[in-house]
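Student: These are the residues of each chain, in order.
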Amino acid sequence: MQKEQWINEVLESTQGMQKAEPGPFLFEKVTARIEKSKLVPIENENTSYFKWRFLIAACIIIVVNVFAIRSYLNNGTSPTASEIQNTGSSAENNYNYSTIYSY
Amino acid sequence: MGNNLYTSFNDLVKEHQSRVFNTVISFLQDHHDAEDVTQEVFIEVYRSLEKFKGESSISTWIYRISVNKSLDFLRKKKRLKRFGFISTMMGDPIPEENAKEPGHFDHPGILLENKEKARYLFAAIESLPENQKTAFILFNIEGLPQKEIAIVMDTSPKAVESLIQRAKAALKIKLEYFYYKRGN
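Protein chains in written order, with my numbering: chain C, -9 to 93; chain P, 5 to 188.
No lab work stands behind these hints: they were computed from the structure.
Nothing here was measured: the structure is a model prediction, and the numbers come from that model.
Take these hints with a grain of salt, some might be off.
Unchecked claim - For lysine-lysine, the following DSS-like pairs were computed, each having C-alpha atoms within a straight-line distance of at most 25 Å:
no., chain 1, residue 1, chain 2, residue 2
1, C, -7, P, 119
2, C, 9, P, 121
3, C, 19, P, 151
4, C, 28, P, 121
5, P, 172, C, -7
With the rest of the complex left out, here is chain C (with noise of 0.2 Å):
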């Protein structure tokens, strides 16, 4: 009964309240913030444009290496040097042939 009796003036404590006032120069602080954030956009325009340029940059790096080890574990190693001198070279063979013209 008596905890009943309780909940129930909890329940209604609410009862015969006010309205609680916010502090003063709540126009004044709201006006300050709107007049502020009128900068922020140009410098997100920014930032959002480097996220862009460095999460395209990011992806090409990605996919680089992604060839580049597919290439190594096909190949079971890295070239050396040598070789890739060598591949240059006969491309460039390759490449002085397929202009010999015989007409």
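Based on the hints, put chain P in the right spot on chain C.
Tutor: Quick look at chain P alone, frame taken from chain C:
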């Protein structure tokens, strides 16, 4: 912003500031946070004034913004608390917020003779789910009619009535727990 716009916006702030603050403080139960969120509500009002179609009254629309901003703030705070819990596990000290006992909040509008009991009520309100909390605060503390609460919450008056009943039932269970905890 032009001076004329500022003047009319000033009138709007003056007219609605106490009901916005009163709603927000009932949700957040912290004076400093409520001041901050009240400002955010009016910034949103200013930014969205052009979008206001006049389908509901302006006060209903402002109530909706106040409720949304308050719930957003509480969700953010909850996320930070979760992060705080992880930090505590990592060895950081317990945040002050977690150390608070139930019944810490004094609503500034409550009559002096009801202050102690209202502390228990607000502690119990804090544990309600979002929609029950919104319906209970708008009905019992703000004194809005169920029809207007339905517009604010974008639901039917019947659903609001059910939410208020469920909120009261949940509050009774929580208050019963407080009754025994306080040593009766």
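Student: Any of the earlier hints contradicted here, and which numbers?
Tutor: 3, 4
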